[in-house]
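K.L.:
With UniProt numbering, the residue at position 25 of the sequence shown is 25, and numbering never jumps.
In short, the hints are calculated from the structure, not lab data. Note that the Cβ used here is the ideal one computed from N, Cα and C, for glycine as well. Hints may contain errors.
To be verified - Distance windows between CB atoms, simulated:
| id | residue 1 | residue 2 | range |
| --- | --- | --- | --- |
| 1 | 345 | 226 | 21 to 31 Å |
| 2 | 252 | 178 | 54 to 64 Å |
| 3 | 202 | 94 | 25 to 35 Å |
| 4 | 55 | 431 | 47 to 57 Å |
| 5 | 148 | 18 | 49 to 59 Å |
| 6 | 94 | 71 | 34 to 44 Å |
| 7 | 272 | 65 | 53 to 63 Å |
| 8 | 226 | 275 | 24 to 34 Å |
Claimed, not checked - Within a straight-line C-alpha distance of at most 25 Å, the following computed DSS-like cross-link-like pairs (lysine-lysine) qualify:
| id | residue 1 | residue 2 |
| --- | --- | --- |
| 9 | 439 | 425 |
| 10 | 254 | 357 |
| 11 | 146 | 344 |
| 12 | 252 | 58 |
| 13 | 325 | 235 |
| 14 | 366 | 22 |
| 15 | 265 | 62 |
| 16 | 62 | 235 |
| 17 | 146 | 325 |
| 18 | 58 | 235 |
| 19 | 48 | 357 |
| 20 | 324 | 265 |
| 21 | 344 | 28 |
| 22 | 324 | 146 |
| 23 | 235 | 136 |
| 24 | 28 | 325 |
| 25 | 235 | 265 |
| 26 | 146 | 235 |
| 27 | 235 | 35 |
| 28 | 28 | 357 |
| 29 | 252 | 35 |
| 30 | 265 | 252 |
| 31 | 325 | 344 |
| 32 | 254 | 324 |
| 33 | 62 | 136 |
| 34 | 58 | 254 |
| 35 | 62 | 142 |
| 36 | 136 | 325 |
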Amino acid sequence: MSILPQIAFLLIFALAGFFLYKRVSFLKRNIMLGKGETRNDQPEERWKTMLLVALGQKKMFKRIIPAFLHLLIYVAFVIINLEVLEFIIDGITGSHRIFAPFLGSFYGVAMNIFEFLAIAVLVSCVAFLIRRNVMKVERFNKPEMKGWPAMDANLILVIEIILMFAILTMNATDQILATRGVEGYTLLNGLFFSDMIQPLFLNMGDGTLVAVERFAWWFHIVGILAFAIYVTYSKHLHIFLAFPNTWYSNLKPKGEIQNMPEVTKEVNMMLGMPVEGGDETPAEIGRFGAKDVNDLSWVNIMNAYSCTECGRCTSECPANLTGKKLSPRKIMMDVRDRAEEVGKSIDLGGPGLEDGKSLLGDYITKEEINACTSCNACVEACPVNIDPLSIILQMRRYVAMEESGTPAQWNAMFQNMETSFSPWKFAPTDRFNWADQLKNEETK
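Please take these sequences and the hints and turn them into a complete structure.
P.N.:
Here is the structure:
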């Protein structure tokens, strides 16, 4: 038997591994453009959150129909990958269905389960294509979803459909060859779904069937390897990043807004209180808020790469629902796009962050961040616990504290809070005058 197919497989496998390693290294470097942040507290709660939200898809089921369809694809992705393991071993060793002799009759049962899941994926992907392109669900047709984002979503669905057809074609032709007693093919006890399409191939000769079966096998495994690389460029990177993203979730109450460490340190030094990291005045005070991706934390950038672009955050955002320009999904997409731009510039020996651009201004406008009501609806809606509000608040802090660029009405409120300890311009001693007035009226 020729070893050329094994050599070809090893070369393709090694090449895919190389490209995957390069891309993963690129993504890791981009994520680490952000500032350091430690989130290792409450490990038990973090494991629980990851298991429930990422593995159990708890938050998906707020919308039952897409959640059920997504669950079918998710389960198929996990289980069918067991068959991919057999593909890889067969490709390396030159064997065919290497697990069949060891699993006996259960192997046929397993193949039927895989085929059922393949059909489930086909149905789900067709349903998702209809939702996006025929029903035109509103959240999939927002301005930020034009062009590549829409094509990416459709492309992934079409690729998954083709890969599932490849599995069914391979099994159908494989079993015809096994029935004819062709050497190297194992006869199974009936494959329910692929048996249905066998009539399409029954009139073919053995040589043609072998060619079709081998083409389907190679198409599927090479397609899987190419898909693994493509996913790292796609919104479907959430398949992998959902797990670390949910583990590093913000476990604090949603209404709690994080203090700025730079301001806290300055205030503590002024009051003579202990300062974390020592009380030495730094040579240069850190930037207040965030202007570019390097001002955000690495968790914020990982959030951006974990975004599925499902639009649940935007569909729940009261600002967006009332016609404002703010879209939490666009915020996350812009952070990811800026990180990609900076990363590519660094790789090419370019200026990187010093390219004259910034996240705030070139990607995200003040009008967008000023429209946010800080209600946390986007955070609550996200299926993988992404936090767009954290990024919005950091950019608003930059505008307020570094540029003094907030709207005039806000500046008046800030001044009142500084001098009168309330948003309204009256002395703190007059704060309860309304109560005294009400009491006087009641005694009349």
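K.L.:
For every hint, state whether the structure bears it out.
P.N.:
Results of checking the hints against the structure:
no.	hint	in the structure
1	345 x 226: 21 to 31 Å	27 Å, holds
2	252 x 178: 54 to 64 Å	59 Å, holds
3	202 x 94: 25 to 35 Å	28 Å, holds
4	55 x 431: 47 to 57 Å	50 Å, holds
5	148 x 18: 49 to 59 Å	25 Å, violated
6	94 x 71: 34 to 44 Å	37 Å, holds
7	272 x 65: 53 to 63 Å	60 Å, holds
8	226 x 275: 24 to 34 Å	53 Å, violated
9	439 x 425	23 Å, holds
10	254 x 357	32 Å, violated
11	146 x 344	23 Å, holds
12	252 x 58	19 Å, holds
13	325 x 235	22 Å, holds
14	366 x 22	36 Å, violated
15	265 x 62	42 Å, violated
16	62 x 235	21 Å, holds
17	146 x 325	15 Å, holds
18	58 x 235	20 Å, holds
19	48 x 357	40 Å, violated
20	324 x 265	36 Å, violated
21	344 x 28	13 Å, holds
22	324 x 146	18 Å, holds
23	235 x 136	19 Å, holds
24	28 x 325	31 Å, violated
25	235 x 265	38 Å, violated
26	146 x 235	14 Å, holds
27	235 x 35	23 Å, holds
28	28 x 357	22 Å, holds
29	252 x 35	20 Å, holds
30	265 x 252	21 Å, holds
31	325 x 344	29 Å, violated
32	254 x 324	23 Å, holds
33	62 x 136	20 Å, holds
34	58 x 254	18 Å, holds
35	62 x 142	21 Å, holds
36	136 x 325	20 Å, holds
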